[in-house]
Amino acid sequence: MILIISLCKEKISEFEFVRPLEKLVGKCAVRNVRDVKENDIRDAKKIILSGTALADFEYLNHDFSWLKKTEKPVLGICAGMQVIAQAFDIPLEKKTTIGVKSVEVIKENKLAEGSFNAYFLHTLTGSGDFDVLATSEGVPCMIKHPKKEIYGCIFHPEVMNEQIIARFLER
Amino acid sequence: MMLGVLYSGGKDSTLALMKAKESHEMACLISIVSQNEESFMFHTPNIDITLLQSQAMELPLVRVVTKGEKEKELVDLKRALTEAKSRFKIEGVVTGAVRSTYQASRIQQLCHELDLWCFNPLWLKDQVELLSEVVERKIVAVIGGVFAESLDESYLGKPIDAKMVARLAKVAAVYHINPAGEGGEIETTVLDAPVFKKRIEITKSDKKFANGSGLFTIVDAKLVSK
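Protein sequence lines, in the order shown, are assigned to chains Z and S. Take 1 as the starting number for the first sequence in the working numbering and just add one per residue. Take 172 as the starting number for the second sequence in the working numbering and just add one per residue.
Treat the hints as calculated values from the structure; they're not laboratory data. Computed from a predicted model, the values in this text were never measured in an experiment. Note that beta-carbon positions come from the ideal geometry of N, C-alpha and C, so glycine has one too. There may be inaccurate statements among the hints.
Mimicking EDC-like on lysine to aspartate or glutamate, the simulated pairs with C-alpha atoms at most 20 Å apart in a straight line are [unchecked claim]:
1) S:Lys260 / Z:Asp56
2) Z:Lys27 / S:Glu324
3) S:Lys379 / S:Glu324
Between beta-carbon pairs, the in silico distance windows are [as the list claims (entries may be wrong)]:
4) Z:Glu113 / S:His347: 46 to 56 Å
5) Z:Glu170 / S:Glu324: 21 to 31 Å
6) S:Lys238 / Z:Asp63: 32 to 42 Å
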């Protein structure tokens, strides 16, 4: 089962950041970050960490230390990439990007290739010692753990790049 | 959280308002009246009906007129949001945006500048599902404008009911238009909804159709008891 973890503080934000992911994933389990249990992580085949509203930072107060231990493939979208960075002690820098920007893939990977446009909505980002898979205006926007299948995507692939999510879900 | 709704008077902003009201308090409606018929951001037929809709919902209306010049209309939207924040202490804005990254990103940017939350509860929603939800939630909306070759005069003034949803879905499948009008193919005007304490009755209207587009203009309307 695919597990989607909602990072939304406000329930109304889930219509915007979680429902579109559910629609793309199909059969899945959805838990809010406040309610996620150890066995939810254990039972999941793959995990997606959702984005949330631009004004929401509550997700940064939750414990994501399990990310360091897990061997499950994880895709963090926007706020989800930020919690991945935080879990791996990567400092988050203030960088606001809102709207459609071009993305260039700079390292071969299984999620994306070439150049494409994507929808950005964030105020923080960070890549640290993760592999940089793609950049936008020279800034890392897709990253991967050097050894594990843990991906971060600071833009919202569910808006214009659904294939990124489809490829993450492929066996 | 106290919220203001960016309200055009159509089905999408009404549905967004109803979804937001389930978990937050509505403080006001915010309407931008664009004088530019080509505006990508705000042009809506029958926008003046928001005056009656605000009375019907017993919600105050922040109404700002814009010439609708590209980017300058964003200054007018910022003025409206600033007024809503100062008069009604809103902490966030709700919009009926579904697919337009052009509109959504500009509103997100303004909310960010004004330290307001931004909620888009219809974002990326399937358009036939959206139309069905409008019907299921008993939102009474009529078609106020058609702006696509595949939509003729017969749609003008007609309600969005189950039959119309099926008709629009069929036309959309054949002609590749957006069935809920996200690309501007149709515009709607809401006359009643569960959040309305009174409903709107049209007493005088006018239909005009030429060169593949048409308007159903509400000339006169009044509030009546439900």
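Quick rundown of the hints versus the structure:
Proposed proximity of Lys260 of chain S and Asp56 of chain Z is supported: the alpha carbons are some 19 Å apart, at most 20 Å. Proposed proximity of Lys27 of chain Z and Glu324 of chain S is contradicted: the alpha carbons are some 42 Å apart, above 20 Å. A C-alpha spacing of about 8 Å is found between Lys379 of chain S and Glu324 of chain S, which places the hinted pair at or below 20 Å, so the restraint holds. Between Glu113 of chain Z and His347 of chain S the beta carbons are some 28 Å apart, a value that contradicts the proposed interval 46 to 56 Å.
Range check, Glu170 of chain Z to Glu324 of chain S: Cβ separation about 48 Å, and the 21 to 31 Å hint is violated. Restraint check, Lys238 of chain S to Asp63 of chain Z: a C-beta distance of roughly 52 Å breaks the suggested window 32 to 42 Å.
Hint compliance for this structure: hints 2, 4, 5 and 6 are broken, all remaining hints hold.
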